[in-house]
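Residue-level listing of the chains:
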Amino acid sequence: MNFVIGIVEFFAILTFAYSGLIEAKRKEMDFVGSCTLALVTAFGGGTLRDILLDRRPLYWIDHYEYPIIIFVLAAAVLVIFRFNREILDHKILTYIDALGLGLFSASGVAIALETGIPIFPASLIGVITATTGGVIRDILCNEIPIVFRRETQLYVTCSFVGTWTFISLDYLGFKHIVGLLACTLAAASLRLAAVKFNIRLPL
Amino acid sequence: MNFVIGIVEFFAILTFAYSGLIEAKRKEMDFVGSCTLALVTAFGGGTLRDILLDRRPLYWIDHYEYPIIIFVLAAAVLVIFRFNREILDHKILTYIDALGLGLFSASGVAIALETGIPIFPASLIGVITATTGGVIRDILCNEIPIVFRRETQLYVTCSFVGTWTFISLDYLGFKHIVGLLACTLAAASLRLAAVKFNIRLPL
Amino acid sequence: MNFVIGIVEFFAILTFAYSGLIEAKRKEMDFVGSCTLALVTAFGGGTLRDILLDRRPLYWIDHYEYPIIIFVLAAAVLVIFRFNREILDHKILTYIDALGLGLFSASGVAIALETGIPIFPASLIGVITATTGGVIRDILCNEIPIVFRRETQLYVTCSFVGTWTFISLDYLGFKHIVGLLACTLAAASLRLAAVKFNIRLPL
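Residue numbers (numbering that gives the first Met the number 0), protein chains in the order written: chain Z, 0 to 202; chain G, 0 to 202; chain F, 0 to 202.
Simulated from the structure, these hints should not be mistaken for lab results.
Keep in mind that this is a model prediction, so the values were computed, not measured.
There may be inaccurate statements among the hints.
No copy is singled out in the list; a pair is fine if it fits within one copy or between any two copies.
[Said to hold, decoys possible] In silico SDA-like links for lysine to any residue, alpha-carbon gap of 20 angstroms or less: (1) Lys26 - Ile145; (2) Lys24 - Glu150; (3) Lys24 - Ile143; (4) Lys26 - Ala74.
Start from the sequences and build out the full structure, keeping to the hints where you can.
What follows is the structure in structure tokens.
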């Protein structure tokens, strides 16, 4: 089962990195800017989570094969962008990004609860894990973070719902693996529904 | 006495959160953006202080009732904003904000000194505690932080004066409670005087 | 030998601080904004390095004479700017900045390796130490960080080459002092060559 999570997590990191590369392309950044945006989007949330909870070593220091893969990915994508081709269908990207959002929410809230903090801040830590990378990406691109804008479909909210799914199941005595799956599913499917039906916050 | 400080601190957090909500409204953010700006403005400074000094658990993880209150406040304020009414007089806001500035300066410098660091960096930590929240708020809104601008009346300077008031009284052997009160008073009254008489830095 | 490094490091901090002051002047910030930009540019990279590696006390808390010097420098520079005079030739600034880039890369990677982390993340930490200050400076000025832009000559790349020079020499069994010197030289000379011959990344 850990193997399955490892694979999904791998895709989540790649998708988040890819969204950083697309933003870097839009802002006409060079290879250095592209790599930085990719790394920050993929690892920003987990790094802030670990700093807030005082956990070390950081994820990308322990699993340093991931930043290496992102470097290679960035080089490949930049070469392909040169020939003006989109290398991934936007629809597939939305699916993987939603999966990434769900999975990072799940791992964030699970790790936070393990450190023994109360459930409300634990849910916030889960949301921070899933969304901070994108926020820093937008700040580095000199834009108001997209997830704060009124025209954006539910995103942070999906992560929030996911973390409370995990917390509820944990409270009811279910095993962690059930909560992780349910959290990922809840957040990802809510996100996909929000995109499909253009659901936004009323306020 | 701690009860009094607790009440003032409560108002300080609320005011800082409210200033985040106003900025979020100006930038047409939704409920998620509004809550984030409110939380970041209220807890950003204290969180950075605790990270720099390596203190855990963080304030808002320990006192998780505060983020919950801010969520409720944000919902209430957004509903009221819909009807285009200002829910607090700007003059009162300036007073509470000045009080918040003073109190956060006081708690920041006191906590920093307790960890045994020298007085000059301790004064910087006090200023960081009081002002970082507003700086991150402005960055998230894609603006140059207002406290760095030439047309802004004394703000960071008031916090700096407050921290040195605390350090001086501490050096002279006064009790912490005296220093905390004097720091809060010095910073808040200097800030209010700066607003009233439009005092700005000559440089 | 440590005395020599101390002197170079002193100049590196001053140059980075000075680049913050110039940006603050361009954005018409006041004394508070100028000091903050100077401090953040000079100490931002080292502070993030220490937070990521969980090292305390922070550099500028331990050596608090440096922030004091930057305050004095900021006041002096702002007074001189009033009379519209450039106080340092831009050519000399480029030299010192390149030296600072090299030295911060060297100290960053050396400290990271000492904590026992693998070489690839250690090289990233070296680059982060040398470049984060400038990135935060640009974010506070509400601009896309200059080092990410396509028109910028090699900068982050020079730091990266420098850190791998250190890692290679360390692997070959050379003493740390040799690696530190070689890293600084490699990064600084590559940076100066890039500026002179307008070398940019092909991607």
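Checked hints:
In the homo-oligomer, the alpha carbons of Lys26 and Ile145 lie at most 20 angstroms apart both inside one protomer (15 angstroms) and across protomers (12 angstroms), since each shortest distance falls under that limit. Taking the shortest Cα distances, Lys24 and Glu150 sit within 20 angstroms of each other only across copies (14 angstroms), while inside one copy they are farther apart (23 angstroms). When the C-alpha separation of Lys24 and Ile143 is checked against a cutoff of 20 angstroms, the pair qualifies both within a copy, at 18 angstroms, and between copies, at 13 angstroms. Taking the shortest Cα distances, Lys26 and Ala74 sit within 20 angstroms of each other inside one copy (17 angstroms), while across copies they are farther apart (35 angstroms).
Violation of the numbered hints given earlier is absent; every hint is satisfied by the structure.
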